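Combine the two chains into a complex, taking the hints into account.
Going down the list, the protein sequences come from chains A and B. For the first sequence, the positions run 1 to 112 when my numbering is used. For the second sequence, the positions run 1001 to 1111 when my numbering is used.
Just so you know, the hints here were simulated from the structure itself, not pulled from any lab data. Keep in mind that the hints are not guaranteed to be accurate.
Label-pair ranges, simulated between beta-carbon atoms [as the list claims (entries may be wrong)]:
#: 1; chain 1: A; residue 1: Tyr70; chain 2: B; residue 2: Pro1061; range: 24 to 30 Å
#: 2; chain 1: A; residue 1: Ser26; chain 2: B; residue 2: Gly1099; range: 22 to 28 Å
#: 3; chain 1: A; residue 1: Gly9; chain 2: B; residue 2: Glu1059; range: 19 to 25 Å
#: 4; chain 1: B; residue 1: Ser1084; chain 2: A; residue 2: Asp39; range: 24 to 30 Å
#: 5; chain 1: A; residue 1: Lys2; chain 2: B; residue 2: Leu1069; range: 32 to 38 Å
Being a predicted model, the structure only gives us computed values, none of them experimental. Here a beta-carbon is modelled for each residue, glycine too, at the ideal position from N, C-alpha and C.
Residue-level listing of the chains:
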Amino acid sequence: RKEVEQDPGPFNVPEGATVAFNCTYSNSASQSFFWYRQDCRKEPKLLMSVYSSGNEDGRFTAQLNRASQYISLLIRDSKLSDSATYLCAVIILTGGGNKLTFGTGTQLKVEL
Amino acid sequence: NAGVTQTPKFRVLKTGQSMTLLCAQDMNHEYMYWYRQDPGMGLRLIHYSVGEGTTAKGEVPDGYNVSRLKKQNFLLGLESAAPSQTSVYFCASSFQIYGYTFGSGTRLTVV
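One chain only, chain B, in its complex shape (with noise of 0.2 Å):
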């Protein structure tokens, strides 16, 4: 089993380009979570989805999108990024409220 993959692993962007991080799930999970990781700063939820077409805001949404077309990817959209959103991000799937389970994390630098 795969379990949850995320693309790309390492990108960098200009400030102002856009981007879309792609989470992929194959565990069947309802939900699923974007996070961000900064140092100090633990895991922050960006957004979150309890199921294929629904999404809802977490902790820090500025700046971001998402969208959960099918139910195994949860997209998450960069329209205009910028230097403050240099982080590394982390998708995660779960059923229900147990079973966390992550993918290996993007790294993103915006100069």
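Chain A on its own, in the form it takes in the complex (with noise of 0.2 Å):
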């Protein structure tokens, strides 16, 4: 089993909708959560940390379920120009030091 699991997509939503993604993580040591974006052939980008108490960063919120093991992030009245994969990534705490994990991504491309 991967340890961090995402639906690949893509989401094809119309310009305005709301889309949630969800991303469930296997290891229950994993300490830190986040979202990035990555753009066709570029670097990934943090896009935003996820804190069990929820947090928004104007159109986009991010959540964490400890108990589910799962992280989700939703984009309300999406733009032509949030079109891109958005990753999810947990850090796993080992005694060799902190790794970042990512899962697959999830491609959105948002349509006129």
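In structure tokens:
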């Protein structure tokens, strides 16, 4: 079983729609949680960190459910510029240091 | 600030050739990482380093070696390239568990 799993999509949504992505993680020792955005052929860039209390940044809301071991990302009022791949990532602390482990990513296409 | 710089950006190798990918960061980060990204596989950790002079294996270390002789540099070596190593390679650095910064990637094709 992969340590971090995501639905690969693609999610094709009209502009203005609300879209939600979920991600599950298998290691209960996971310490920190993130959503990254990756544009085609570019490096991943941090979108937001994810906290148990939930956090919001403009049109983006992230939530962590430790009991069920999943994190979510909600995008409201989708824009064409939101089209990208969204990667969830978790940090697992090991004796050798922390490791950022990624899901395979969910592709979002926002259409007119 | 340059952040994380990877060289080269593109490379084509013949099977059996060797090469070294260079990652340089100017943020004084202790932690550095090498990932590879393949279609449908996400980013997978190859090797990482928690400080100058230290290295550790990640998820897919076979066929690669690394060195961290200076804090700001993390080198990834392919001793005998294979077509299965065709991929996009990303380097990253971080301050402990926060603030991962990625380089722009190296696109490697092995023919």
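Verification of the supplied hints:
1. A:Tyr70 - B:Pro1061: 24 to 30 Å: With Cβ atoms ~29 Å apart, the hint holds.
2. A:Ser26 - B:Gly1099: 22 to 28 Å: Between serine 26 of chain A and glycine 1099 of chain B, where Cβ atoms are some 25 Å apart, the hint holds.
3. A:Gly9 - B:Glu1059: 19 to 25 Å: At 23 Å between Cβs, range holds.
4. B:Ser1084 - A:Asp39: 24 to 30 Å: At roughly 26 Å between Cβ atoms, aspartate 39 of chain A and serine 1084 of chain B fall inside 24 to 30 Å, so the hint holds.
5. A:Lys2 - B:Leu1069: 32 to 38 Å: holds (34 Å)
Comparing the model with each earlier hint shows no violations; every hint is respected.
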